[in-house]
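Enquirer: The listed protein sequences derive, respectively, from chains A and B. Residues 1 to 116 in the numbering used here are what the first sequence lists, from first letter to last. Residues 1001 to 1114 in the numbering used here are what the second sequence lists, from first letter to last.
Don't read these hints as lab results, they were simulated from the structure. All values derive from a computational prediction rather than experimental measurement. Certain hints may be false.
Covered, in the sense of this in silico footprint (three residues per stretch, anywhere, with C-beta under 8 Å from a C-beta of chain A), are these stretches of chain B [said to hold, decoys possible]:
| hint | stretch |
| --- | --- |
| 1 | 1037-1049 |
| 2 | 1082-1089 |
| 3 | 1101-1112 |
Cut-off 27 Å, straight-line C-alpha distance, at most; resulting in silico cross-link-like pairs (BS3-like, lysine-lysine) [what the hints assert, rightly or not]:
| hint | chain 1 | residue 1 | chain 2 | residue 2 |
| --- | --- | --- | --- | --- |
| 4 | B | 1040 | B | 1071 |
| 5 | A | 3 | B | 1040 |
| 6 | B | 1022 | A | 73 |
| 7 | A | 73 | B | 1044 |
| 8 | B | 1019 | B | 1044 |
| 9 | A | 3 | A | 73 |
| 10 | A | 3 | A | 70 |
| 11 | B | 1022 | B | 1071 |
| 12 | A | 73 | B | 1019 |
| 13 | B | 1019 | A | 3 |
| 14 | B | 1067 | B | 1041 |
| 15 | B | 1044 | B | 1009 |
| 16 | B | 1022 | B | 1044 |
| 17 | B | 1009 | B | 1036 |
| 18 | B | 1009 | B | 1067 |
| 19 | B | 1019 | B | 1067 |
| 20 | B | 1067 | B | 1022 |
| 21 | B | 1040 | B | 1019 |
| 22 | B | 1071 | A | 70 |
| 23 | B | 1040 | B | 1009 |
| 24 | B | 1022 | A | 16 |
| 25 | B | 1071 | B | 1044 |
| 26 | B | 1019 | B | 1036 |
| 27 | B | 1044 | A | 3 |
With beta-carbon atoms standing in for the labels, derived distance ranges [to be verified]:
| hint | chain 1 | residue 1 | chain 2 | residue 2 | range |
| --- | --- | --- | --- | --- | --- |
| 28 | B | 1020 | A | 85 | 29 to 37 Å |
| 29 | A | 40 | B | 1027 | 28 to 36 Å |
| 30 | B | 1082 | A | 78 | 38 to 46 Å |
No residue lacks a Cβ here, since even glycine has one placed at the ideal position from N, Cα and C.
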Amino acid sequence: AQKITQTQPGMFVQEKEAVTLDCTYDTSDPSYGLFWYKQPSSGEMIFLIYQGSYDQQNATEGRYSLNFQKARKSANLVISASQLGDSAMYFCAMREAQTGANNLFFGTGTRLTVIP
Amino acid sequence: DTAVSQTPKYLVTQMGNDKSIKCEQNLGHDTMYWYKQDSKKFLKIMFSYNNKELIINETVPNRFSPKSPDKAHLNLHINSLELGDSAVYFCASSRGTSVVGEQFFGPGTRLTVL
């Protein structure tokens, strides 16, 4: 089974509007971390935001916020006031504690296009 | 003052050749990784090194061998390159082995096997 599922291959948003990118995850580990990365066309991977499984509040970083619904195993990324520079691939990822492996499991990504 | 650097950025080579990709981090992290991103943009872990010891090795062909001369470096050597090895390879690093804390990625190496 996929550990991370991103069901939106592509999304469009009008500049200055908000957009939600969906992410669901699958784990039996009570301790895990959820991450979002941005990959612009230049190719680098840019860390955006982190949410821990025991965090009581949703994470926020500037225009990025994470809508964490633990019971539903979802960790959607909300980008407010979209800018043209937000056009990129966005990846949701998870790290589990019990595997000891430390690596990130990635979803298939969502390509966001911001329309002027 | 790049945090995680990789060389080369682009690598074009013939099938059957042997090549290496170098990775260095100056963040003082003790865990480093290699990921492969295929043509569909899917990222998958290949190797992870913690304090110079291999702690995971996913189902990667043994033509791929990671080498870590010290905590700041994790190089990837590939023998007998095949067409299917064409991909973007990312090096990453993180502090410790906890779930907390992001992984910092290098700029990637685009490998093309002809």
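Enquirer: Holds or violated: residue 1040/B and residue 1009/B, Cα atoms, limit 27 Å.
Expert: holds, 19 Å
Enquirer: So if I understand the rule, the pair passes when the alpha-carbon distance is 27 Å or less; does residue 1067/B with residue 1022/B pass?
Expert: It holds: about 9 Å lies between the C-alpha atoms, which stays within 27 Å.
Enquirer: For a C-alpha distance cap of 27 Å, please report whether residue 1009/B and residue 1067/B respect it.
Expert: With Cα atoms ~19 Å apart, residue 1009/B and residue 1067/B stay inside 27 Å; holds.
Enquirer: Given the hinted pair residue 1019/B and residue 3/A, is their Cα-Cα distance within 27 Å?
Expert: violated, 32 Å
Enquirer: Take the stretch 1082-1089 of chain B, compare each residue's beta carbon with every beta carbon of chain A, and decide whether three or more fall closer than 8 Å.
Expert: violated (count 1)
Enquirer: Given the hinted pair residue 1022/B and residue 1071/B, is their Cα-Cα distance within 27 Å?
Expert: Measuring from Cα to Cα gives roughly 13 Å; hence the hint holds.
Enquirer: Going straight from one Cα to the other, do residue 1019/B and residue 1067/B come out at no more than 27 Å?
Expert: With Cα atoms ~13 Å apart, residue 1019/B and residue 1067/B stay inside 27 Å; holds.
Enquirer: Mind checking the alpha carbons of residue 1040/B and residue 1019/B for me, to see if they're no more than 27 Å apart?
Expert: Holds: residue 1040/B and residue 1019/B sit about 23 Å apart, inside 27 Å.
Enquirer: Residue 1022/B and residue 16/A: Cα distance at most 27 Å?
Expert: violated, 41 Å
Enquirer: Straight-line Cα separation of residue 3/A and residue 1040/B no greater than 27 Å?
Expert: holds, 18 Å
Enquirer: Taking the beta carbons of residue 40/A and residue 1027/B, is their distance inside 28 to 36 Å?
Expert: Given range 28 to 36 Å: violated, Cβ gap about 22 Å.
Enquirer: Next pair to validate is residue 3/A with residue 70/A; report whether the Cα-Cα distance is within 27 Å.
Expert: Holds: residue 3/A and residue 70/A sit about 15 Å apart, inside 27 Å.
When held up to the earlier numbered hints, the structure conflicts with 2, 4, 6, 12, 13, 22, 24 and 29 and fits the remainder.
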